[in-house]
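Trainee: Chains W and R, in that order, give the protein sequences. With our numbering as the guide, the letters of the first sequence map in order to residues 1 to 244. With our numbering as the guide, the letters of the second sequence map in order to residues 245 to 571.
Hints were generated in silico from the structure; no laboratory data involved. Heads up, some of the hints might be wrong.
Unchecked claim - Straight-line C-alpha distance at most 30 Å; calculated BS3-like pairs for lysine-lysine: (1) W:LYS75 x R:LYS293; (2) W:LYS224 x W:LYS236; (3) W:LYS128 x R:LYS255; (4) R:LYS309 x W:LYS26; (5) R:LYS307 x W:LYS111; (6) R:LYS293 x W:LYS111; (7) R:LYS535 x W:LYS128; (8) W:LYS105 x R:LYS309; (9) W:LYS201 x W:LYS180; (10) W:LYS75 x R:LYS356; (11) R:LYS293 x W:LYS105; (12) R:LYS274 x R:LYS291.
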Amino acid sequence: MIEFKHVYSSYGDYIVHEDISFRIEKSEIVAIVGGSGAGKSTLLKLMLFLLKPKAGDILFDNKKIQYDDEAKIQKIRDRIGVVFQFNALFNSISSVENVMYPVLKKTSLSKDMAFKNAIVKLNMVGFKNIWAYPGELSGGMKKKVALARALALEPDILILDEPTSGLDPISADEFDNLIKSIRDDLGTTVVMVTHDIASLKIVDRVLMLYDKKLIFNGHPSLLKAQNHPFIQSFIKGQRGHCYD
Amino acid sequence: MDLTKETLEGKIDISKIIKDHAIDIKDVDKIDTFGAIFVLELLETHKDKKLIGKKEHIEFIQKVKELLNYEASKSRKDKSLKISLMFLDYIGALFYQMFSNAKDIELGSFLKEIENSGIGSLFILGVLSFLVGVVIAYQSASELISFGANIFIVNLIGISAFRELGPLITGIILAGRVSSGYTANIGIRNVYEELDALEVMGISPFVVFGVPRILTLALITPILVLFSSNIMVFGGAIIAKIYLNIPLNMFFDRLKETVGISQILIGVIKAPFFGAYIGLIGTYFGFYSGKKPEEVTLNVMKSVVISISGIIVIDALFSIIFAKIGI
Chain W
1 MIEFKHVYSS YGDYIVHEDI SFRIEKSEIV AIVGGSGAGK STLLKLMLFL LKPKAGDILF
61 DNKKIQYDDE AKIQKIRDRI GVVFQFNALF NSISSVENVM YPVLKKTSLS KDMAFKNAIV
121 KLNMVGFKNI WAYPGELSGG MKKKVALARA LALEPDILIL DEPTSGLDPI SADEFDNLIK
181 SIRDDLGTTV VMVTHDIASL KIVDRVLMLY DKKLIFNGHP SLLKAQNHPF IQSFIKGQRG
241 HCYD
Chain R
245 MDLTKETLEG KIDISKIIKD HAIDIKDVDK IDTFGAIFVL ELLETHKDKK LIGKKEHIEF
305 IQKVKELLNY EASKSRKDKS LKISLMFLDY IGALFYQMFS NAKDIELGSF LKEIENSGIG
365 SLFILGVLSF LVGVVIAYQS ASELISFGAN IFIVNLIGIS AFRELGPLIT GIILAGRVSS
425 GYTANIGIRN VYEELDALEV MGISPFVVFG VPRILTLALI TPILVLFSSN IMVFGGAIIA
485 KIYLNIPLNM FFDRLKETVG ISQILIGVIK APFFGAYIGL IGTYFGFYSG KKPEEVTLNV
545 MKSVVISISG IIVIDALFSI IFAKIGI
């Protein structure tokens, strides 16, 4: 579905990624992990085509992205739903209106259809208090509304930036299970950037970034067998016990 | 054929779906949530028809149907009465805390507030008061010339500045500058749980952040009113000299004769009420702004609007009272 071929990226002279290659298949759940400043968020920006690689190619559905064709890029972006780290909900409108918003703005479907779709998506993520404003919700509830909004246009790919940050372990577990059930029910491809090693239990593949390079690309169960010192410290560190 | 948001945006030939005895989606290749809602709406309209289609599509539509339940909108209660009662509650709590925790009130807080709210407001107050004086004198000068009543500019400027405009301009500037500042300052402390921390330590936030501000504002507003009125008169005097050839010494001699101490006192008497009111509103909206940053911004707006409106209402009430007692 998405493929990176020998991608190099940078901010000015500062190199962020060197020779990154991987492929994400349809309906996979992939986690991008790595230390702070490893370039995880930059990788997301590359996937959303907000940033152009310095060298190498990014392919979507086996077609090379042409960065000069903004209309085509937007068409691809319309197939991607994003849950931002701090949810980015509109505080002045209710939860259900937040989920209706992309449908009303991006399609010519009726308000009634947008409302019913929002109800389905909110129920899908287990959120009942549809008339509540984001300001009245807890962190976990906001995440659910943000997820429902990301699903509103039935995206092929769901991108989640630190989905469990700021959530207690129970809410984080609940959210992880929700992601998995959405993939199972809708067949959505999920790409998430995470620091939370406990979330790796739901993923099919881990992409680990370290020192500008991709140092691991495989099933999370294979992480333990890796000799790379960073991988060892990542999974055996003080917080790595969650991974067992 | 697909039943997806893309196809539904166009025109769908429903005669291909609605058959004699059934809603037939056997030929549908792909269906999404929007398509499922569309089919459910068709079934709702054609209650006598049953649904025929691929097993996985019918199961999907059934699942969407189960997820389509929701609680009807709850009407949002009118909060105005609650806010009024909370405001009275706040005043009561403030007085109680002020007397029961008087030891926690720090002199330093008063001095800081004099600097922030009083001295900090002098520049903008001075500039605006001067300009108001200039505008009034300038606007009325031509009319007075036509009546040969040049000297009466002193009465016009003097009485209006000391009695009405000085206090009003001061009140409005303090409402905009200080009330918003109090709400934002206390509201942000609330967001960052500083107020909770004080309560846990057994120190009343009302006493630390409320009382010094309200009392300081009540005490310094009369001084600011006098400052504003005098600057306004000075602005008028400059215009009187330029356009009406009234020398400054003659202007101020005449001012002493026409504007008695009672006119000055009328302006000054209102000032502590203006100050206390602005302080109360500013701190009240800060303390009750909630724990979310967006609520602070909303409350800052409310505090400014209610402060300015209240100042005008209080001024009107004083005018009625003074008229009744004949001053």
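Trainee: For each hint, tell me whether it holds in the structure or not.
Mentor: Results of checking the hints against the structure:
no.	hint	verdict
1	W:LYS75 x R:LYS293	violated, 38 Å
2	W:LYS224 x W:LYS236	holds, 9 Å
3	W:LYS128 x R:LYS255	violated, 33 Å
4	R:LYS309 x W:LYS26	holds, 27 Å
5	R:LYS307 x W:LYS111	holds, 21 Å
6	R:LYS293 x W:LYS111	holds, 26 Å
7	R:LYS535 x W:LYS128	holds, 23 Å
8	W:LYS105 x R:LYS309	holds, 25 Å
9	W:LYS201 x W:LYS180	holds, 10 Å
10	W:LYS75 x R:LYS356	violated, 58 Å
11	R:LYS293 x W:LYS105	violated, 34 Å
12	R:LYS274 x R:LYS291	holds, 24 Å
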